[in-house]
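Dock chain G against the given chain D, drawing on the hints supplied.
Single-letter residue listing:
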Amino acid sequence: MRHNTFRGGVHPAAMKELSCNKPITYHRAKGEMVFPLSQHIGKPAVPVVKKNDPVLAGQIIARADGFVSANIISSCSGKVAAIEPRLTSSGLMAPCIVIDNDGEYTMKEGIGVETDCAKLTSAQILEKIQAAGVVGLGGAGFPTHVKLMPKNPDDIDYIIANGAECEPYITCDDRLMQEQPGWVVGGLRVVLQLFPHARAVIAIENNKPQAIESMRKAIANEQRMEVMVLKTKFPQGGERNLVHAVTGRKMASTDLPANLGCIVDNVTTLAAIYHAVCLNEPLMEKGFTVTGDAVAEPGNFLVKIGTSFAEILEAAGGIKGDLKKLIIGGPMMGVAATDLNVPICKAYNALICLSEDPVELAEEQMTACIRCGRCTRVCPVGLTPQAMAVAAEKKDFARYEKIHGLDCLACGSCTYICPAKRPLTQLFKQTKQMILSRRKR
Amino acid sequence: MSIIIATTIVLAVVGLLIGLLLVSANEKFKVEVDPREEAVRECLPGNNCGGCGMAGCDALAAAIVKGEAPVNGCPVGGEKVAAQISKIMGVEAESTGKHVAFVKCAGTCEDAPRKCNYIGIQTCEAAAIIPGKSIKSCQYGCLGFGSCVKACQFDAIHIVNGIAEVDRTKCYGCGACVATCPQHLIEIVPDNSVYAVRCSNHDKGATVRKECASGCFGCGVCVKQCEHEAITVVGNLAHIDGDKCVGCGKCAGKCPAKIIRVR
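Protein chains in written order, with our numbering: chain D, 1 to 441; chain G, 442 to 704.
Next comes chain D alone, as it looks inside the complex (with noise of 0.2 Å):
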């Protein structure tokens, strides 16, 4: 059978044998929980409360600042133990509330209760969403009721549910939908009310056969709802290519996916959705799979936000022989991390541990480019990562930026591919970083 899919892309391994089968358990962190004030796109909050102001878990501790920012909510009881710079998982220091949390978890009230969603309009279900901080917790962060809120709403003919989880070994989406597809569909309801022109696509990749069947059996009483399957590939769930593949539409890169009549969101975040609207639950918790050959025991969890990476690390067993290397988010466009003692925000899913650093294997077979051509033929966006490297090298911005060089989105396909191990994606996304210094300067 043949899957809608993308032009381009990869095919790596998808080591989500490791943890696909274990089902998600709730982690309660103890002691003390960190929320940096910017976990999404935009400005970051501002603090509304004070050192040793008790905090009660779904309170908000931070208000966003602007139309463009989201509120941050305490996701455990407990004091305000200071509010101060910590590191964070960017490795830079960042002004966070630290809140000392007393293992209650006592909620606020009101928190739990079930609203009928039919019943409220589309202004108050947008400022619930605001209220309770959703933002994209696929991995972006942006503010949630701002992508809810597109110029033409009547316009909005789609919205695709995101659940195609292309980044290998993250299975915390899958395990979502398997075990709660409620939540997914629910979210999708509140969205679909929203739209009243639009249908929604539930799209997975066909690697996923148990979660395709769940959502199928979730959504058998739906009108406007469907599952599509999608071939599985690299990086098919990102925002352009899963637009591409759903409707066939393309999109250019100054477009969003709203002036193509699509409103794209990840299962996680319908699932925050759901929460916020119908059972009044501001985002306080969300999947997160802890994986790799190095973790004794590789899970998925339902983690508080503000918990550190080192102690849900610990709640996988810990580390077993040799470390190599930490990943936080999926091994082609995740980060490198050198210390775990950083809080989990909004839009991580993911912590590896590899006994094997694949980039350092890489660069003891660097050679010069061979002009094989591979990296043009697997670049999801269409460009030619050889002449961009080239022109980054020489540091030729104004050459680089008429091939499109900016247009990158930096997701390792073309260094994946590569035979000669060349390290584009870093080259690219270093001189995407100087060419706009140089701009704002």
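Below, simulated BS3-like cross-link-like pairs (lysine-lysine); rule was C-alpha separation at most 30 Å, straight line: (1) D:K51 <-> D:K79; (2) D:K320 <-> D:K30; (3) D:K51 <-> G:K645; (4) D:K217 <-> D:K16; (5) D:K395 <-> G:K591; (6) D:K79 <-> G:K651; (7) D:K79 <-> G:K645; (8) G:K556 <-> D:K324; (9) G:K521 <-> G:K539; (10) G:K591 <-> D:K402; (11) D:K440 <-> G:K574; (12) G:K651 <-> D:K324; (13) D:K22 <-> D:K320; (14) G:K665 <-> G:K651.
Hints are computed from structural coordinates only; laboratory data are not their basis.
For chain G alone, coordinates are given in the frame of chain D:
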């Protein structure tokens, strides 16, 4: 035989006509070049380093003659070249003194340990975008991959024990290294200034101490020592104004981190 003669005549006539055309074109479309421009160009070093901010020595010569650049516009040539050019231009050159590059970091391999095993593109620009912005414990410090070394045309800057060191005798203060450093650590300072703070860490004192053994934690002891108000502490970091500093060295003696050093 007649063919040979005919060919010679035709060629000679054509050659003569083209020659006349070229002579008249040369007269008619002549571009007036200021003779001073060539003279100025002769004085300039000719490295085309771009330290003056122009595209090269030719561009600077043209700018000087047009009056768009000062006669001492060439940082590499220094006073000697400025004097020669001012003679050609017939103006008085302001004495600016020699300037040199100065690296505001003393975090050697021992003082600022590496926090990760970095593998990837071995340039400062690439290492500066990794999470934490540095391979060392301090995010502000010298990365030690030598982008400045590559940028220097005078072999005046080298990586010694993990940080860039400037050879003052070779440095002309052209500023090529300043432009290339992704950490913005290099500053052009007057050559006669003696003491300087070799640190760029703006973090709070306690953090700096954890990160680097030779980091300024902004204690302000040096400010109290200075009798000439040359030192200020801004954002937890001391800075010595080279123009006010008289080189007494009192600050260096008292600095607990020992990072006020003779350059």
